[in-house]
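Following the hints, complete the assembly by docking chain B onto the known chain A.
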Amino acid sequence: MPDMDRLAVAAHLHVLMRRRLNRITDMEWMSTNREYAMAMVRLAHAAEHADLHEWAEKLERAWRLVAEPGPRLPAVPPAPPAEPRRYVSTLR
Amino acid sequence: MSLPPAHVLVIDAAKLNSGDTAWMISATTLVLLMTIPGLALFYAGMVRKKNILATMAQSFAVCALVSVLWFAVGYSLAFMPGTALVGDLSARFLDSVVFDKAAAKLSVHPLAPTVPESVFVLFQLTFAIITPALIAGAFAERMRFSAMLWFMGLWSVLVYAPVAHWVWEPSGWLASRGVLDFAGGTVVHVNAGVAGLVAAFMLGRRLGYGQEPLTPSNLGYTMIGASLLWVGWMGFNGGSAAAADGRAGMAMLVTQMGAAGAVLTWMAAEWLVRGSPSLLGLCSGAVAGLVAITPAAGFVSPGSALAIGASAGLACYWGATALKRLLGADDSLDVFGVHGIGGIVGALLTGVFASPTLGGAEGSVQAQALGVLGTVLYSGVASAVILWVLDRVLGLRVNPQQEQDGLDRSLHGERLE
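These protein sequences, in sequence, are chains A and B.
With the first sequence counted from 1, adding 1 to any position gets you the numbering used here.
With the second sequence counted from 1, adding 22 to any position gets you the numbering used here.
Derived by calculation from the structure, the hints in this document are not laboratory data.
Be careful, since some hints might not be right.
[Said to hold, decoys possible] In silico negatives: residues of chain A with every beta carbon more than 12 Å from chain B: (1) D4; (2) E49; (3) H50; (4) L66; (5) L92.
[Stated by the list, open to error] So the derived list for chain B, only partly shown, Cβ under 8 Å to chain A, looks like this: (6) M68; (7) G226; (8) R228; (9) Y231; (10) T237; (11) A291; (12) P299; (13) L302; (14) S306; (15) D356.
Source: prediction; values computed, not measured.
The beta-carbon is built from N, C-alpha and C at its ideal position, and this holds for glycine as well.
Chain A on its own, in the form it takes in the complex (with noise of 0.2 Å):
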């Protein structure tokens, strides 16, 4: 599967995952590192949502058709800074 299809696929995972799990992703990540992309896969399929299911394995589709992993990237994306934990239990 072209690389911008599995962006395409990526992108539908996303926005999903935003609208159902209010949880934001990194699509153009998902699109490239496989091992990223199985772990919200692995997320997705956690949820109860069927279309959730549906696209998540659309994407574990596309990067099965991968042969070989892609350019070779750090494995994992750099960590995010620690953020506080703003916004539980207390909103101010």
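Coordinates of chain B only, in the frame set by chain A:
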């Protein structure tokens, strides 16, 4: 022309004061602007994206619902003499409002004798609208729309109207004990804050509360809403003088000072505790100061207003953070922390700072505490009873799937992209 109730004054139109009337019409518009769109935007920015439209819909629907109830019975229960506890029904369906163009006669209310009663009715209606609309922040993101409408309607008639009568109608039991509440610190803010806290307890916490961040969708909306509230508050407090006079001017001046004082102390507290001053903190500080200066606006000097605002900024910051954690209720948008605490601080400090020279009344902390206590008890118990009955009859809360999907889509069939 039907005869108005005996205690309603029907005067010659020539005896009206056109300056007072013009100002009261303007002030009324400003206060209406506070709820739609002010409060709607203020709240919508603090909820998650999936609940923005539902939150706005609540303010809008409450505006319409309370208007009709005010016409039917609310105004009469609040502002007709009746007993010390509630007004009579002599002005139901606004029967007291007289306007005869041919005879050049019209009715006025004794609390605003130089403006048409129609303007007084509408000015007071805008207060009756914003008070229940404030409560909606406490149960944001999880209440059924139908239950919300029933609650707001019943609360407006059974809680707001009587408390307004106690405090503002000269025969009310708190008014006759010397309780000072210039523009609604007790009637509006303590009342709504306590009802909000009770509602937050009775509806339970939102899914994910305390475990995951419930991130505000757009604090830009909140800032615009807070700004509309701040500007509209000039009509809220300035209009409560019921005249375009020096007292109205002083009320507006102290309103600005109260808000400014609270913005700065909330900001300082947050900067000190959290390491950064947030926009939400600045907006919250402004509302806290405006709430606290509301009961005092016609009675205190600019210096006292700064002190009241500064105290409210600190007290409400504590109310929305430490006290909130202590209480454990998911008061989603801090209605009690800001309006309840700010209202109590303002009411008590009115007793400390009220100057007879400015307002013609001596303040008494004891009387103010009685006003707060009476309102807290009645509002708390009556709100709990209304919610309990509605929970049994209708159910208050959306189901978990609806909550997860967001109220915009699950209750209103709309969503923001």
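Structure-based check of all given hints:
1. D4: holds (26 Å)
2. E49: It is violated; E49 (chain A) is separated from chain B by about 9 Å at its closest Cβ, not greater than 12 Å.
3. H50: Since the minimum Cβ distance to chain B is about 9 Å, H50 (chain A) lies within 12 Å and the statement is violated.
4. L66: The claim holds: L66 (chain A) sits with its nearest Cβ about 31 Å from chain B, beyond 12 Å.
5. L92: Incorrect as stated: the minimum Cβ-Cβ distance to chain B is 6 Å, not above 12 Å.
6. M68: holds (6 Å)
7. G226: Not OK, violated: G226 (chain B) not within 8 Å of chain A, min 15 Å.
8. R228: violated (11 Å)
9. Y231: With a minimum Cβ separation of about 7 Å from chain A (threshold 8 Å), the hint on Y231 (chain B) holds.
10. T237: Hint on T237 (chain B): holds, closest Cβ of chain A at ~5 Å, below 8 Å.
11. A291: At 11 Å from the nearest chain A Cβ, A291 (chain B) fails the 8 Å test, so the hint is violated.
12. P299: Violated, about 12 Å.
13. L302: OK, holds: L302 (chain B) within 8 Å of chain A, min 6 Å.
14. S306: holds (6 Å)
15. D356: holds (6 Å)
The earlier numbered hints that this structure contradicts are 2, 3, 5, 7, 8, 11, 12.
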